[in-house]
Structures are given as structure tokens and as C-alpha cells.
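Number of protein chains: 2
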Amino acid sequence: MTYELYYWPGIQGRGEFVRLALEEAGIDYVNVARDKHGEESAEKKLLKFMGDPGLVHPPFAPPVLKAGELVIAQTANILMFLGEKHGLAPADEGGRLWTHQLQLTITDWVAEVHDAHHPLGPTEYYEDQKTEARKRTALFLEQRLPKYMGYFEKVLQQNSSGNRLLVGDILSYPDLSLFQVVEGLCYAFPRNLSRLEGNYPEIMALHDYVRRRPRVAAYLDSGRRMAFNEDGLFRHYPELDT
Amino acid sequence: MTYELYYWPGIQGRGEFVRLALEEAGIDYVNVARDKHGEESAEKKLLKFMGDPGLVHPPFAPPVLKAGELVIAQTANILMFLGEKHGLAPADEGGRLWTHQLQLTITDWVAEVHDAHHPLGPTEYYEDQKTEARKRTALFLEQRLPKYMGYFEKVLQQNSSGNRLLVGDILSYPDLSLFQVVEGLCYAFPRNLSRLEGNYPEIMALHDYVRRRPRVAAYLDSGRRMAFNEDGLFRHYPELDT
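Protein chains in written order, with the numbering used here: chain X, 1 to 242; chain U, 1 to 242.
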């Protein structure tokens, strides 16, 4: 079965967390955001799909994965589905819940990254909330970022399986998402990340390990991986990276 | 098996979404936030539990549910566990994913409610971000609240089972959470809610239905249900409810 991934064209955004899982698991999928007729055509397809009155389970927002008859939205929910179906999560109940718990904590973290440049919410432009963004980003970098980094560093240290992954001894979907968060933070806050990364050796080792996974490496080197930009979740505004 | 729910004392917060599911399902549980020795003792128990170095799956933040050997955190994750174990979710894969997708959309909504009074993030007091809170709340009430309300109204309308619930023909955990969101919004923004509620008859009917469920009603009338207050997620600041 070929899956279809619906997402906004032009940005990595939350869709990228799903793409990394699809790529790592070697799953055949149509990336609807990349259309040979260009971004306008891709967006038209997304909006047509999302607005289809025949959809039994209408999504609130993309990304949306179509897997045969299933239409699944919410990034962490899609990843749970892919993880359990395609070997990116343990099979036992406790392991599945723990894996999802870590993913939901990454979801919270990513929302705070977004809110750092959009403290007044998603409906106004960054340019119209720069003063507030400066305040929120300073608090984020000083207080929240170390809290999240410290938490995931501890989880990696505590994994008794002897490898350097988040859950047991298998690569799981939050490993891929944590890689993507580090990628994004290095893009958005290069000065702060180079200052902080020495404190989190396990996270940086995991990032390095995921980057070298053959399928992930092939994807990152392909033209299919979009670049980060200032329309996405992780934005590089030098005035915020102080 | 008696479950244990760990959460901050003194507020409903995210713990309340879990309590409503425990109450509706008639599950035997210890509410660790309510301690006969008072709030200080309850908080001490919470922090001791959260900081136990022997925890194999350490949580980032409460609520945390201890169910025998399982220690589960993240509200939506706990609800998924309870829902599937105790009849508050459908049994088929598509139904389970849809139920969880709705819950994760409620998670996003609740985070936006919180950020309306804390636009600079969770680490500063409301009093230190009142100007920003006024801006964000105005945008939330004008643009985001109708978007979430409209979405859930549509989902309720579209449910072809002929009842007025979110998922198929059973009461599921997002029904209980949607009830709690409406409760919280009516507390936080009474002027806006009385202006808006006529537009969302299905949501208000669901709210009413949940409130009358025998176990929920018994819980709401008991001394065990805490009152909303200005330390929780849903806060009534008259200056924001314009």
C-alpha cells in the first residue's frame, strides 16, 4: 500500500517529523507537498483533501496521513500508527505508552519553539510581534530549553539497554523526532546551541547516530529534504539568538 | 487494582481531564493531590514520586498515573490507556486513532487557553505579562476559539451514529475532555461564552449530557471536585474577558 502524506508545501514544519519516520522505515509514500506542478498545485491538493465533505474523520490541521481507508491527523498520532505498524516502537503495552509519552513531550517542546517567535499566537505575522518574541525567546532559551534538553539527556542516560537510544534497544519514532528538534534548534539558534551542546553529550550522540542511519542519510542528501526557512517551525532570526 | 493519580494540589489543571475519565469509568483510584494532611503534604508526595531515581520511565511533568507496574504521563497518553482499558474508546484501530486525534486537538486547544494568560511562557507570573496577555487573549477569542469550537461542532454534527457524541455511539474520553473545556471556558470567559454558545448547539448539548451522566454528576456534586481558580489552566481575569 502506498501512503499519502498531506502537508503544507514550502516548509518542513510538523510534516517533517512524519517524513523522517516514513523514510527510516522505507515506506512507499506520496509526498503531496511536493508537486511537479509547483507549490500552488500542491496547496490546492491539500486544501481539496482537507475540505472534502465526504471525509468521515475530518482533520483540524495538517499533517494528515492517508493509509488505505484510514485518514489520520495529529503528528504524534500518525507517528504512533507508523511506529507500531513499521517497527519504530516496541510491541509491549508499557513500551508503547512510554514511546508515545516521549513523543508527546517533544510535541510540547516543539510548540514552545514555535511560540518563541509567535508569542501572540499563530494568526499574526512575526513582524507584528517582534518585541514580544524577543521576551519570550529569552525566557525560552534561559529556562525552558535547558529543562527539555536536560530531561531527554537523562532519559538517554537512564536507558539500561546499553545503547544510546530513547526506548529499549530499538530505534523508535521519538528518536527520529529528537534528531529533528536538534537539527531545527541548530538552525534557529546556532549561537545558543554551540554554547549548550557540550552539556548534552547523549542527545548530540543520538543526533549523530540518526543522521548516519543509511535511509535517513540518503534522504537528507536527496533533493527531497527541504531546507529550513523563516516560514516554518524553526526560524533563524539573529535578533532572537542572543 | 487501585490506580494512583499524581498531580499538583490546589488546581484542577490537566489532572482534571484524567479524573473525569476515572470517575466516569468508576475506577478505584487514589487522588494523591488530595491529602488528609493538606496541600503541602500532597505536594511533597508528588515531588518525591516524580524525583524517584528508581523510576524507569521518568515523567517530564504531572499528571502521572501509576497503574500497577505502569507509570504513565502526558494527559492524552493516560487517557488513551484508560479509554482502551475501561470502555471509553472504540476497540477498532480506526476508531482508536480517531479518538486519540480528537484528544490531541483538545490538547492543542487547552495549551492555547493557557497561553492566552501566559503568552511569554509558563515561567513568569501573569502579573508580569498582563499587557501581552491582553493582546493574545483578544486574538484567541476572536480567531482561535471560534476555529476550535467550529471544528468540534462539525465533528458532532457529522457523527452518523445518530447520537450526539464525538466518536461512534459510545461515550469516549474526548467527550469528557470537551465537557471540561466548556466548563473551563464558561468560568474563564463568561461574557464571551454567553455570546458564543448559541452558535454551537451540539457542543452545548454534549456538555449538558456529560454533566448529567450519573457518575460525573455525583463527582461534580461531591467535595472531591475542586473549584476553578486563578492558579489553574482556566482563569477568570475580567480584564481579559472583553
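Just so you know, these hints were derived from the structure itself, not from any lab. Hints may be right or wrong, so weigh each one.
[Stated by the list, open to error] Listed below are the simulated DSBU-like cross-link pairs for lysine-lysine, each with C-alpha atoms no more than 30 angstroms apart in a straight line: (1) X:Lys154 - U:Lys36; (2) X:Lys36 - X:Lys48; (3) U:Lys135 - U:Lys147; (4) X:Lys154 - U:Lys66; (5) X:Lys147 - U:Lys130; (6) U:Lys48 - X:Lys135; (7) U:Lys48 - X:Lys147; (8) U:Lys135 - X:Lys135; (9) U:Lys154 - X:Lys147; (10) X:Lys48 - U:Lys154; (11) X:Lys66 - U:Lys45.
[Stated by the list, open to error] Just a few of them, taken from the derived set where beta-carbon distance is under 7 angstroms, the chain U residues facing chain X: (12) Asn77; (13) Leu193; (14) Leu196; (15) Glu197.
It should be emphasised that the depicted structure is a prediction, and the values quoted were computed from it without experimental measurement. Using N, Cα and C, we set each Cβ at its ideal position, and we do this for glycine too.
Hint by hint, here is what the structure shows:
1. X:Lys154 - U:Lys36: Violated. Lys154 of chain X to Lys36 of chain U sits at ~34 angstroms, over the 30 angstroms cutoff.
2. X:Lys36 - X:Lys48: This hinted pair holds, its Cα atoms lying about 17 angstroms apart.
3. U:Lys135 - U:Lys147: Judged against 30 angstroms, a Cα distance of about 18 angstroms means the pair holds.
4. X:Lys154 - U:Lys66: holds (21 angstroms)
5. X:Lys147 - U:Lys130: Since the Cα atoms of Lys147 of chain X and Lys130 of chain U sit roughly 25 angstroms apart, the hinted pair holds (cutoff 30 angstroms).
6. U:Lys48 - X:Lys135: violated (33 angstroms)
7. U:Lys48 - X:Lys147: With Cα atoms ~18 angstroms apart, Lys48 of chain U and Lys147 of chain X stay inside 30 angstroms; holds.
8. U:Lys135 - X:Lys135: holds (15 angstroms)
9. U:Lys154 - X:Lys147: violated (38 angstroms)
10. X:Lys48 - U:Lys154: This hinted pair holds, its Cα atoms lying about 17 angstroms apart.
11. X:Lys66 - U:Lys45: Given that 30 angstroms is the threshold and the Cα spacing comes to 45 angstroms, the pair is violated.
12. Asn77: With a minimum Cβ separation of about 5 angstroms from chain X (threshold 7 angstroms), the hint on Asn77 of chain U holds.
13. Leu193: violated (19 angstroms)
14. Leu196: violated (17 angstroms)
15. Glu197: At about 21 angstroms, which exceeds the 7 angstroms cut-off, the nearest Cβ of chain X leaves the hint on Glu197 of chain U violated.
Checked against the numbered hints given earlier, the structure breaks hints 1, 6, 9, 11, 13, 14, 15 and satisfies all the rest.
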